[in-house]
Amino acid sequence: MQLVGVQSLCYGIYLLFSGILQGDEKIMYLNQRTLNLPVKQVNLRVVDFESEISIDTLYQYISAEGFPIYYSRNIRTNVCFDNKCRLLDIIVYWNLTGRYLGFELPEEEYLSKTDHDPFTEEEYVRLNELLLNPTSPLGQYSYKELIMEAVSTTEEVDGVSGATSKEVLEFVVKGAAYTTHKLYEVIYGPTKTEIANWTKESFTSEFLTTLLQSENYSDVVWVLENIRGKLTLYPELRNQLFSFIEGADFTLSEKAIHVLVAADLEDIALQRNLADFAVSTDAGKRKWILELFQHTEQLHGNIPTIFNGAVSQLDVPSIVKLLEIYTVHKIQSKETIKMARTLSRSKNAYLANKASLYLTFLSAQTNTIY
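So the sequence shown is numbered by our numbering: it starts at 72 and just counts up by one.
Derived by calculation from the structure, the hints in this document are not laboratory data.
Be aware that a few hints might be false.
[Claimed, not checked] Listed next, the in silico PhoX-like pairs over lysine-lysine satisfying Cα-Cα at most 25 Å (straight line): (1) 263 / 301; (2) 301 / 358; (3) 111 / 271; (4) 111 / 263; (5) 184 / 271; (6) 418 / 358; (7) 215 / 184; (8) 301 / 356; (9) 405 / 418; (10) 271 / 301; (11) 97 / 184; (12) 237 / 184; (13) 263 / 215; (14) 245 / 97; (15) 409 / 358; (16) 97 / 111; (17) 237 / 263; (18) 301 / 237; (19) 215 / 237.
All values reported here derive from a predicted model rather than from experimental measurement.
My request is simple: use the sequences and hints to build the entire structure.
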C-alpha cells in the first residue's frame, strides 16, 4: 500500500456505536467498539489500496486524549456481472484494531438484490453477522468461484448475475453474493492492515493500558501480539502484563509471555516474578519462560535457588533446560552442584547424562573434579 496524502480535520462530533439504526432515511448496523469515547478530531489519509478499490480516503477518528477510536471509508464502486452494473454506495467502519465495526448507508440509499429488490431488515442483520466473521470461508473464494455459469442468458446473479454455488450460500446473503463478497473483500483486505499500522503509530503506555482493559477479547489479543519486544518502550505495562501471564486464561497468558524478549529480564523484579511463576505453572508455559532465562544477559540474585528448590516437582524436559541455562550462565553455586550430582545418579539415563555433562563443563571451567 502506498500512502498518497495526509490531512487533518478538527471538529467535535459525538457518534455512538452500538446496535442497529434503521429508519426511513438512514440504515446503520454497528458493533462493539474498544473505546466508547467522543470524537474530537478526524484525520484522513489518501491511500493506494492496490488490490481492491484503488486510491481512496481512509478516515481516522481521534478522541480528546489523542487515542484512535475507529476508522471509516466511503465505498463507491460498481457491482457488475455480465455487463450489468449497480452502484454500491456505503460507509464501512473499522475498530481501531482493524476489526470490522459496521456499516452505514447514505440517506435514502439501500442495498438491493435480484431485480433491485431492497434488502429486508433480516437481510441487513444477516449481512452484518456474515461480515463479523474474520475466518469465514468466503474470504477463500474469488468472485468467479462464487458463481456458477448461468443456466440461461436471462438469469441474473447477485442482483445482476446468475446462480450462486450451493456450497457458499451459507456465507452470503441470498441474491446478493457479489455485494457480500465485495464488502468482505474490502473489510478484510489491505484496509485492515493499513488501519492496524496507523493505530500503532499512536501507541503510548497510557493508550495501551486502556486497550488492555478492553472487554473485547480479540482486541486484547491484538494488543499483546503487537507489543512483542517493546516492553522497554512501555515499562508501565509490566504489572498489567504479568497479571495476564499468571491469569487463568491460557491464550492471554501465552500471548503475554510471548510479549517478552530476553532483554526484558534485565529487570530484576520481573525476572524474580517469572522464576516464581515458572516453577508453579504448566510445562508448556514453563518452557517458553525458561527459553527467556537461557538467553537473558544474566541470572539475578537467588534465581538458581528458586529453580533448584523446585527440581523435584519439574518434568524432565524442564530440568534439562535448567541444566542448559546453568551451563550458559556458568552457574557453579554449591547448591546447584549438589543438585546436579544427585541428578547424575538418576534412573533416567537421559537426565543423568545431561547432569553429568553440566558437571563436566564446570570441571573444565574451574579445573575441579565434580
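Hint check: residue 111 vs residue 271, CA-CA at most 25 Å. Holds or violated? 19 Å, holds
Need the status of pair residue 237, residue 184: alpha-carbon distance at most 25 Å? 17 Å, holds
Residue 263 and residue 301 were given as a pair; does the straight-line alpha-carbon distance stay at or below 25 Å? Holds, at roughly 22 Å.
25 Å Cα cutoff - pair residue 271, residue 301: 12 Å, holds
Is it true that the CA of residue 418 sits at most 25 Å from the CA of residue 358? Roughly 23 Å between the alpha carbons, so the hint for residue 418 and residue 358 holds.
25 Å Cα cutoff - pair residue 405, residue 418: 23 Å, holds
Residue 184 and residue 271 were given as a pair; does the straight-line alpha-carbon distance stay at or below 25 Å? Between residue 184 and residue 271 the Cα gap is close to 39 Å, so the pair fails against 25 Å, i.e. violated.
Satisfaction of hint between residue 358 and residue 409, Cα-Cα up to 25 Å: 23 Å, holds
Residue 97 and residue 184: Cα distance at most 25 Å? Distance of about 18 Å is within 25 Å: holds.
Pair hint residue 215 and residue 237, alpha-carbon separation not exceeding 25 Å: Holds: residue 215 and residue 237 sit about 14 Å apart, inside 25 Å.
Pair hint outcome, residue 245 versus residue 97 [Cα-Cα no greater than 25 Å]: Answer holds: residue 245 to residue 97 is near 23 Å, not above 25 Å.
Does residue 111 pair with residue 263 here, judged by a C-alpha cut-off of 25 Å? It holds: about 23 Å lies between the C-alpha atoms, which stays within 25 Å.
Hints 5, 17, 18, counting from the list given before, are not met by this structure.
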